[in-house]
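Put together the whole structure using the sequences plus the hints.
Number of protein chains: 2
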Amino acid sequence: MAAEPSGKPHVLIVGGGFAGLHCAKELAKADVDITLADRQNHHLFQPLLYQVATAVLSPADIASPIRRILRNQSNTRVVLAKLTDVDLDNQRGFFPNAELPYDYLVLATGATHSYFGRDDWAELAPGLKTIDDALEIRRQVLLAYEAAEWEADEQSRQAKLTFVVVGGGPTGVELAGALKEIALQAIPKDFRHIDTTTAQVMLVEAGDRLLAALPEKLGRRAQRDLEKMGVQVKLNSAVTEICAGSVHIGEQVVPVENVIWAAGVRGSKIAEKFDAELDRSGRIKVANDLSLPKHPNVFVAGDLAHIVDPKTGAPVPGVAPAAMQMGRHVANQIKRELKKSNSARQLFRYRDKGGMATIGRNRAVATIAGLNFSGIFAWWVWSLVHIIPLIDFRSKLSVIFSWVWSYFSLSKNARLITGRRKMQVKSALGRVAED
Amino acid sequence: MAAEPSGKPHVLIVGGGFAGLHCAKELAKADVDITLADRQNHHLFQPLLYQVATAVLSPADIASPIRRILRNQSNTRVVLAKLTDVDLDNQRGFFPNAELPYDYLVLATGATHSYFGRDDWAELAPGLKTIDDALEIRRQVLLAYEAAEWEADEQSRQAKLTFVVVGGGPTGVELAGALKEIALQAIPKDFRHIDTTTAQVMLVEAGDRLLAALPEKLGRRAQRDLEKMGVQVKLNSAVTEICAGSVHIGEQVVPVENVIWAAGVRGSKIAEKFDAELDRSGRIKVANDLSLPKHPNVFVAGDLAHIVDPKTGAPVPGVAPAAMQMGRHVANQIKRELKKSNSARQLFRYRDKGGMATIGRNRAVATIAGLNFSGIFAWWVWSLVHIIPLIDFRSKLSVIFSWVWSYFSLSKNARLITGRRKMQVKSALGRVAED
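First to last, the protein sequences are chains A and B.
So the first sequence is residues 1 to 435, counted in UniProt numbering.
So the second sequence is residues 1 to 435, counted in UniProt numbering.
Heads up, a few of these hints could be off.
[Said to hold, decoys possible] Stretches of chain B that chain A covers, calculated by requiring three or more beta carbons in the stretch to come under 8 angstroms of a beta carbon on chain A: (1) 35 to 43; (2) 68 to 82; (3) 229 to 240.
[To be verified] Part of the chain B face toward chain A, derived, beta carbon under 7 angstroms: (4) Ser58; (5) Lys129; (6) Ile131; (7) Glu146; (8) Pro188; (9) Asp195; (10) Ala244; (11) Gly245; (12) Gly375; (13) Arg394; (14) Lys396; (15) Leu416; (16) Ile417.
It is worth saying that the hints were derived from the structure and are not from the lab.
Predicted model, so just to flag it, every value in this text is computed and none were measured.
Idealized CB from N, CA, C, for every residue including glycine.
Okay, here's the thing in structure tokens:
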């Protein structure tokens, strides 16, 4: 499948996340041919992914086929394919069964989780980046209770009823809160032998506070709220080893069968092929217009781009609003250049709109335009802010419906154990649940 | 985990489908201890499973955790476990890490698909019995279009755009109709290189008509409706071979990359351990009270039971209403026996409430109380009949919402390619979509 021989400049966008998708949309009216390639067929609203992992939402509530989103954008075609290599000099991107020439390349392949060199932990402590990740975590959490219900030995049962979340950023905080809600509210009446309210949830953070990207006050508030719910928050605590059945936190060995990884991120591997300097997390250090140094027709947008915000002196954070802004910025540079009226590149300026994290029912923390909020008001703001940008009207309705339902019923609707993965064989229940 | 030492009779129900669940519910007030064991954690509303496979519904819309359904039934505990063996003389059921004694055993493990001795076809022609099956079919159907969009060779592209459904019962008819709707209505605007309306759907049936369980008139009507939509219906046609890339229908070799199996069913394997005569499909020939010959305290209910309906002389069909009736019948026999007022067993009498199949938007066929319906009225009846028995109010709302939405938007909402299975490697797109 070659590029259309239309003669128009060809913009190759790799990645259909917030950056890639918003870049494509901003180019809707431009006189270019766009190819958007992603190795998944769907755009994912990642900020709500933890709710799939904790059985509140179904995958289809927060994911839509990319080609459906762009169906009416006639200058754009969507392909399901993974970029495997690039030839920057000859301007060609390589895919497993095709190569595509480009005039502009926008690399927006994002980040994945990083185990800080301990990739062997990946099987024991799954991370949360894709729908498959979320379904795997959901599966393990639900299986843990099932296994505990069978378990005769008190000590083993307690290990099965212990959940350790590694990493005190928004994902870790939100997962820990939701896991505690499951134990306290959603399932106690469903089990006969175990008291699910005794399940322990531990949130482990290497730094001295939670939510490092938000004001310190909010990090403390989130910690107090979590502790009120019964979550054990362990600050200044590094995970030094993860084995089947236990996790080492500093010197302490905690017997636990469920570990979830929400700690490090690492730029996607393809970055190494781009002849550019990477930061410690494998993200590409871009020029201040988001282009690749030495290759002005290649841009990097979203979580994969490392750029320092001159206002704060810190790198622009890997959050959805930053990715959208970068995607649109790149699109605008391309449009300006094609018009030739004003081809000087503009600097990318990050507009920090604040940040937030939800902790549980009626509990959240948020900072917006320099103002800090917490409690039920922050929770309402959090809910609104996460409904509005959902990609289509149907998703909005469906998510609202699920939230209203779980709010009043205290139940989690999508408690399905599906899939049959490697992990299952290792779980205590593997033999039971297998075919 | 042993049975409770309550001294009450212990009823062990194996299988949480329609038969097992309705048996347990009918025993809600009985003075017994009940254990319901299933190898899945969820009860599945199988009549709508094809809508998960065709991206209309999400799994959580039609499946609920069994322990949630029975949470308020205090005499019942639910365990996630697969029955591996039974000792009929000593009245014990064996599970991978436990054995449970029983006073009554209700075997309701249902049926799976049968490839008539060609189990090697399973990988090439997936069947539809579980949520995982449905997600795998959804995945393959969606990947077929993605692969076709990349494919330069005209002949290979046509093979990727051909879907063969084997078996002209309700599942086959409903799948064929829904697959054609996807091609004609849901996705044409989403692709740039292929015309999805040229996708071919072929429904292959060995017998001389569709929907053999319904009146002949309705089978003919379903055929006409499918043909009007563009489905090729091939009657008196046996599939003699399935290879990667083609299927042999009699003497004809059809190049096709997508085959779905909706033909034979076979009783679940555990039946072989029950010291009873099996029919050709591996179902247990039960006594006329549904008990196991020679073992009156063991019952078989649902799809696994073979019993001849004296009214028609034909076996009771493997449909949801029959399974529910059997489950309740068994529960009533147990209750009568425990009351000792009247311990003589009652014969099971199947009350045939009719049957139906939907073909597409506004098209269905139904027979109820001897009256035949087709067209839009039958379609409304079909919709109502499939909403009412959904297990909880939330599922009903959610399914109604999805149906109303797809009815007016002509779209299929859950078009997600997720999971990473064996099959993927074999698909033309395997290399593209893999990590």
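Now the hints, each set against the structure:
1. Counting residues of the region 35 to 43 of chain B whose C-beta sits closer than 8 angstroms to any C-beta of chain A gives 4, which meets the bar of three, so the coverage hint holds.
2. By the rule of at least three residues with a Cβ nearer than 8 angstroms to a Cβ of chain A, the coverage given for the region 68 to 82 of chain B holds, with 9 such residues.
3. Counting residues of the region 229 to 240 of chain B whose C-beta sits closer than 8 angstroms to any C-beta of chain A gives 0, which falls short of three, so the coverage hint is violated.
4. The criterion of a C-beta within 7 angstroms of any C-beta in chain A is met by Ser58(B), whose closest approach is roughly 4 angstroms, and the hint holds.
5. With 7 angstroms as the threshold, the beta carbon of Lys129(B) stays out of range of chain A, its nearest partner Cβ sitting at about 12 angstroms, so the hint is violated.
6. At its closest, the beta carbon of Ile131(B) sits 5 angstroms from a beta carbon of chain A; the interface hint therefore holds under the 7 angstroms criterion.
7. The closest approach between the C-beta of Glu146(B) and any C-beta of chain A is roughly 4 angstroms, which is under the 7 angstroms cut-off, so the hint is satisfied.
8. Because the smallest distance between the Cβ of Pro188(B) and any Cβ of chain A comes to about 9 angstroms, over 7 angstroms, the interface hint for this residue is violated.
9. Of the supplied interface hints, the one on Asp195(B) is violated, with its beta-carbon coming no nearer than about 14 angstroms to a beta-carbon of chain A, more than 7 angstroms.
10. A distance limit of 7 angstroms between C-beta atoms decides the matter here; for Ala244(B) the minimum to chain A is near 17 angstroms, and the interface restraint is violated.
11. Violation of the interface hint for Gly245(B) is found here, the shortest Cβ-Cβ separation to chain A being roughly 17 angstroms, above the 7 angstroms cut-off.
12. With 7 angstroms as the threshold, the beta carbon of Gly375(B) stays out of range of chain A, its nearest partner Cβ sitting at about 28 angstroms, so the hint is violated.
13. Interface hint at Arg394(B): satisfied, since its Cβ lies 6 angstroms from the closest Cβ of chain A, which is below the 7 angstroms cut-off.
14. Annotation: interface hint on Lys396(B) violated; nearest CB of chain A at approximately 12 angstroms, more than 7 angstroms.
15. Look at Leu416(B): its Cβ gets to within about 5 angstroms of chain A, closer than 7 angstroms, so that hint holds up.
16. With its C-beta approaching chain A no nearer than about 4 angstroms, Ile417(B) sits inside the 7 angstroms limit, and its interface hint holds.
Hint compliance for this structure: hints 3, 5, 8, 9, 10, 11, 12, 14 are broken, all remaining hints hold.
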